[in-house]
Amino acid sequence: MTIFLYELVKESKSNEKALEKIINLFELKLRKSLNLTKHSEREDLAQELKYKLVKYIKEYDVDSTPGFWELKDRIKDRKNVS
Numbered sequence: 001m002t003i004f005l006y007e008l009v010k011e012s013k014s015n016e017k018a019l020e021k022i023i024n025l026f027e028l029k030l031r032k033s034l035n036l037t038k039h040s041e042r043e044d045l046a047q048e049l050k051y052k053l054v055k056y057i058k059e060y061d062v063d064s065t066p067g068f069w070e071l072k073d074r075i076k077d078r079k080n081v082s
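Going by UniProt numbering, the sequence shown opens with residue 1, and the numbers climb by one from there.
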């Protein structure tokens, strides 16, 4: 069963396990990005990036994310204004 990021973010508001799954999903990208930094700074930077990730996940309002049709209408309205 595949759990999508959107669902995990929504679930993470009340479930620490879901938050851990999100962090694990980004772990590979995090490690690859850290290869671009000095070896002595990697551990501190990894901790800071994980902190930021958790902070943004907790603050993100999942319910304000527009659906496809709403997003399509917003884009259409912007084009009509221009």
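If you're looking for bench data, these hints aren't it; they were derived computationally from the structure.
Remember, it's a predicted structure, so these values are computed and weren't measured experimentally.
One thing to keep in mind: the hints can contain errors.
[Stated by the list, open to error] Derived DMTMM-like pairs (lysine to aspartate or glutamate); straight-line CA-CA distance at most 20 Å:
id: 1; residue 1: 72; residue 2: 59
id: 2; residue 1: 21; residue 2: 59
id: 3; residue 1: 58; residue 2: 7
id: 4; residue 1: 58; residue 2: 20
id: 5; residue 1: 58; residue 2: 16
id: 6; residue 1: 17; residue 2: 44
id: 7; residue 1: 13; residue 2: 77
id: 8; residue 1: 52; residue 2: 70
id: 9; residue 1: 13; residue 2: 59
id: 10; residue 1: 38; residue 2: 7
id: 11; residue 1: 29; residue 2: 41
id: 12; residue 1: 38; residue 2: 20
Structure-based check of each hint:
no., hint, in the structure
1, 72 to 59, "violated, 25 Å"
2, 21 to 59, "holds, 17 Å"
3, 58 to 7, "holds, 13 Å"
4, 58 to 20, "holds, 12 Å"
5, 58 to 16, "holds, 11 Å"
6, 17 to 44, "violated, 23 Å"
7, 13 to 77, "violated, 32 Å"
8, 52 to 70, "violated, 29 Å"
9, 13 to 59, "holds, 9 Å"
10, 38 to 7, "violated, 35 Å"
11, 29 to 41, "holds, 17 Å"
12, 38 to 20, "violated, 26 Å"
Of the numbered hints given earlier, the model fails hints 1, 6, 7, 8, 10 and 12; all others are met.
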